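Chains as they are written, first to last, in this note's numbering: chain A, 348 to 695; chain B, 348 to 695; chain C, 348 to 695; chain D, 348 to 695.
These aren't lab readings, by the way, just hints derived from the structure by calculation.
Wrong hints could be hidden among the right ones.
Because identical chains share one entry, a pair is satisfied inside a single copy or across any pair of copies.
What the hints assert, rightly or not - Quick list of in silico lysine to aspartate or glutamate cross-link-like pairs, EDC-like style, CA-CA up to 16 Å:
1. Lys688 to Asp657
2. Lys680 to Asp657
3. Lys396 to Asp542
4. Lys393 to Asp661
5. Lys574 to Glu481
6. Lys351 to Asp657
7. Lys573 to Glu481
8. Lys680 to Glu376
In this text, all values refer to a predicted model and were calculated from it rather than measured experimentally.
Below, each chain spelled out in residue letters.
Number of protein chains: 4
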Amino acid sequence: MSEKILFQCDYNEGAHPKVLERIVATNMEQTVGYGEDSYCAQAADKIRKACGDESLAVHFLVGGTQTNVTVIDTALRSHQGVLCAVTGHINVHETGAVEACGHKVLGLPSEDGKLTAAQVEEAYQGHIHNDSFEHMVQPKMVYISNPTELGTIYSKAELAALSEVCRRNGLYLFMDGARLGYGLVAPDNDLTLNDIAKLCDVFYIGGTKVGALFGEAVVISNEELKKDFRYFIKQKGGMLAKGRLLGVQFDVLFTDNLYFEISKHAIQMAEVLRGAFEEKGYPYLVPNRTNQIFVIMPDEALAKLAERFDYCYDHRVDDTHSAVRFCTSWATKEENVQALKSEVINGI
Amino acid sequence: MSEKILFQCDYNEGAHPKVLERIVATNMEQTVGYGEDSYCAQAADKIRKACGDESLAVHFLVGGTQTNVTVIDTALRSHQGVLCAVTGHINVHETGAVEACGHKVLGLPSEDGKLTAAQVEEAYQGHIHNDSFEHMVQPKMVYISNPTELGTIYSKAELAALSEVCRRNGLYLFMDGARLGYGLVAPDNDLTLNDIAKLCDVFYIGGTKVGALFGEAVVISNEELKKDFRYFIKQKGGMLAKGRLLGVQFDVLFTDNLYFEISKHAIQMAEVLRGAFEEKGYPYLVPNRTNQIFVIMPDEALAKLAERFDYCYDHRVDDTHSAVRFCTSWATKEENVQALKSEVINGI
Amino acid sequence: MSEKILFQCDYNEGAHPKVLERIVATNMEQTVGYGEDSYCAQAADKIRKACGDESLAVHFLVGGTQTNVTVIDTALRSHQGVLCAVTGHINVHETGAVEACGHKVLGLPSEDGKLTAAQVEEAYQGHIHNDSFEHMVQPKMVYISNPTELGTIYSKAELAALSEVCRRNGLYLFMDGARLGYGLVAPDNDLTLNDIAKLCDVFYIGGTKVGALFGEAVVISNEELKKDFRYFIKQKGGMLAKGRLLGVQFDVLFTDNLYFEISKHAIQMAEVLRGAFEEKGYPYLVPNRTNQIFVIMPDEALAKLAERFDYCYDHRVDDTHSAVRFCTSWATKEENVQALKSEVINGI
Amino acid sequence: MSEKILFQCDYNEGAHPKVLERIVATNMEQTVGYGEDSYCAQAADKIRKACGDESLAVHFLVGGTQTNVTVIDTALRSHQGVLCAVTGHINVHETGAVEACGHKVLGLPSEDGKLTAAQVEEAYQGHIHNDSFEHMVQPKMVYISNPTELGTIYSKAELAALSEVCRRNGLYLFMDGARLGYGLVAPDNDLTLNDIAKLCDVFYIGGTKVGALFGEAVVISNEELKKDFRYFIKQKGGMLAKGRLLGVQFDVLFTDNLYFEISKHAIQMAEVLRGAFEEKGYPYLVPNRTNQIFVIMPDEALAKLAERFDYCYDHRVDDTHSAVRFCTSWATKEENVQALKSEVINGI
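For reference, chain A alone in the conformation it holds in the complex (with noise of 0.2 Å):
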């Protein structure tokens, strides 16, 4: 157990008390392996229900990395890439599991970690008109996270824009919703879940930093994805042996509307936070809603907090300012929260 309080990142504490009940007290049960049991057949069902359509195929896998190697290795062929941020986890902090797959991650310059419809028009049309073409990689899917690695997060608008691009251009649209729960329930969020997986062909909802123990569940709407998706799931090591503690876990988080419960307990946390930062004037990097707080402070501020409290460094913006992240979670307590914002207020 860590002495500091920690703050660094979102998935320091273990699942939410009603998920682990339920493993628990469904512990001793026989099923089948693979994720072909009831209780994944069960919680796939309510993930449809939550984005209001039966047709979508859910599938459940263990961790971020894995699910984005997974989705991205069943949609393209050697010769293609995916489009990203060049601030996207694909592309820097996944150990090159994509280009370990064997394709190219294309990186896009982003400042906020958000992709437009205009930068993929451009890298689609670029390529296609090049005379050289098929000596570069042809873009062929787009990999988006919202929220994304800096806390923005999609407007409907910008979304639907990126959906139009794609869909004209033959190009799959994929989001990645590591933190999907903290996105949806933004103060400043227009998306739904069903809006999602209307304008994306796959995206998946995260489990892992939002009330499980671990778990992404995949969403698959395009039918060109949905073929042999099992076969994937299995060779790039998802395919959980006792697949039931996915089922488990996501069917307890999609009942009573949890998941979105206690991703609002993380906003709130966050909002508390940044009022202690915005009482100091720390600018942010980029501003956003979400449960991570890019904010730049001084080092000697910094390094007084670090006594107590642990964050996320991120970069060194001058000779004396460094850019750093906080994050809450559906864990995070209040009084760590008061404790961590009255030394930002008073004891730095």
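Guided by the hints, dock chains B, C and D onto chain A, whose structure is given.
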């Protein structure tokens, strides 16, 4: 929950109650992620002690396919392949995961799931003395499973002979121990964890099938394979965000000999079942004393049995007989074994 | 230059004089690169005509391993594999090139280098009816070589049967024609280029072993495989900068039936040699009527022969006999064949 | 044959007459295959002499993309990547060949096509000091091209600085010398083959663009990269069956300094052309003294020029200007250069 009693595999239930208890007890503690927490450190220490070697590297991964791929891709350059029995899990049941990482699985014939030192020597010599050796995949690793996919085990003499051939020829020896507990407590076993750690370059201790919700503990003795291993864990999707879940589970399993105690239960249950098959005179496909029983039965009897019990169909032997597998595990209830025994002897 | 007379393979010399003449004649002409020049267009036209189908896509690559990898990686997604005889070139003599692209080669037993329709049907049915089918590599392509690595050829009926199984089950049929010329003019052949183009989804016409300095002409009839094929050629390193070298060579080879005329010479030379072996009563490893002769000879005779002639050692048959290969080609000189014949009959 | 005069690349013609003569003269000789003939041995010797180091390994491959992939895949394990300028050929013009082998290309910004030692140092230090370093691709190789894709060259001091950073940090330094001849005879060059062999771990001497029909000579000084290199050549499709074609060509090119003599011709022709552009006051995109001229011209002038001359369109600079490339080569005819010069000065 299944309506039949399941004997078709050894991962039908969740975790051993003591394991689950500890997950519950530590649930709301904060720890750092990715296996760098104190639970993982403590579990690794206990495993090193159990193996009798303080210099071993120990890492925790989520599942077996993932572990096999991670170890093999760490070990091989792209022109190198891994020798294994044609029945080996990596050769038949991992959807080409090893090939998807670029490496050929070089299958060698085997009736009982085991490789011999002589086979490995012959394969190696055959390669280096072939005029076209550079046109062929270079053998660089030997993969064995213990117990094998057919439930057989290696004797100490057999493993020592394999190890000798491998070391003399610069081949890595890798043991897949997905069911290692069930092998080490088998009545005819003479291997110890310590022997395995000394004779193999890398092996893993399976948790998924022996008391854990999920998880495999990789133990590396060869310095070459220790280097940068965590990069590979991450890239292959095996670096669990809440890595402490793995640490907690293996910590419990390696406290008070629990891993071996619960393995013994599976073996006792299997021995009871063997009594039934032997009483009926059903021949074994391959005899063994571990937790998997491969038996050849009349199709008619199998059909009758299937009304109440689930087994794993293996293959057709002749027009009226098939080979099937029955598994026991740490979780197998004695009453279910007695029910099956009675059905085998009297009911079919 | 070798001091012995070489019969160990069919690529000991350069190009047919007419081919080389044309390379010289066009040497200082300026053309665009990468196979988009008029020579390639013209050669492709001639090949389409020879195959009797204007809709075929024709591409020129440099060598055989490269061609196999390019075709196979174009056809398969990463969970799919290619069925082939265990003796198939891709399975044994390409240093795992197919696996290095992520695909498993699914070897099927074969004594004569050929696959049967029944084998393919059984492998396919065995896959789709296996309970664990998603845990196994999905067969999606069938690779055959004609002539095979053992010099045998497919009859029209055999190829039609393979084609029928493949089409019914959604498998691509791919023929490696590295020595196609030597098969099509064999005395016992009843296949035409037109048959092959109709029955296969893709095949290639080998130039390296039949009159060219190098080069293989890939012919694609299946629309799915035509799409984006040039991306794969480039990625796999087969897009020759001065692509016209390939166009010029195949243009000459497919003018005035040259490809077939020079193939016939190889067959005639092989028939002369067979006379010698048969006179001595040396048995064939596998009988055939193409340009490769696999014969079993006493080691003593082989040692004597090796003083003046080079053959290809295949494998030890018993304590005093080995199987070896003698090849003829378009370039084989009659005087050398007579010298070898005389040595076989009288000298050893 | 093209109707325009081509300046768009440096591989429009065949081979230097002396090279072709020798291919013709040796055509019907018999040699063993796969680069193990005496011509390859002799050519390798001459290259070792030209580099002043008898211990160098020299191998002959067919083309550039293939060579890059072969070298890079030999050097890297799957969690490692290759640093290169964003403009590097492997990053933009090889259809993701490096990624298709599983390795990420780590692009660094560059205006002139070159990397600096400081950039490499920063990238390396940034990796090892990042808290999430195991979640990121490990830089292990530095790829540079000389001349670069923009025609610029490295000075001896620059290359020495790169080499120093690489050796200190355990990175391999790899130089793509597809146009090496044109760099080494440039007026402002101070590097020798000997310097390059000493400062790089591996590099190649391009034949395709400098006098050969095709072919690249890989020169390896680092022992780690020498091991098993031929396996990789074969696997990546670069092991030409009639390997002597490569040996014969490089043997001629490295006899009587031919490689450098014909390179000088290209440079002289480029200097003549530069005179024309400078007289008209057209600015360079990036100035250089090698065989590629990148010049910014009015679109109207370009359109006029295109009626008789072919150049390579690079990119739009503003509404009425574009950057284009003109190449000369060993084969460029003076009369064509004069025609273009005159058109540039007087015609457009």
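We went through each hint and held it up to the structure:
For the homomeric pair Lys688 and Asp657, the shortest alpha-carbon distance inside one copy (13 Å) is at most 16 Å, but the shortest distance between copies (57 Å) is not. Proximity of Lys680 to Asp657 under the C-alpha cut-off of 16 Å is restricted to the intra-copy arrangement: shortest distance 15 Å within a copy versus 46 Å between copies. Taking the shortest alpha-carbon separations for Lys396 and Asp542, only the intra-copy value of 13 Å comes in at or below 16 Å, while the best inter-copy value is 53 Å. In this assembly of identical chains, the alpha carbons of Lys393 and Asp661 never lie at most 16 Å apart, being 37 Å within a copy and 35 Å across copies at closest.
When the C-alpha separation of Lys574 and Glu481 is checked against a cutoff of 16 Å, the pair qualifies only between copies, where the shortest distance is 12 Å, while the shortest distance within a copy is 27 Å. In this assembly of identical chains, the alpha carbons of Lys351 and Asp657 lie at most 16 Å apart only when taken from the same copy (6 Å versus 50 Å across copies). Taking the closest pair of Cα atoms, Lys573 and Glu481 come within 16 Å of each other only across two copies (14 Å); inside a single copy the shortest separation is 28 Å, beyond that limit. For the homomeric pair Lys680 and Glu376, the shortest alpha-carbon distance between copies (11 Å) is at most 16 Å, but the shortest distance inside one copy (33 Å) is not.
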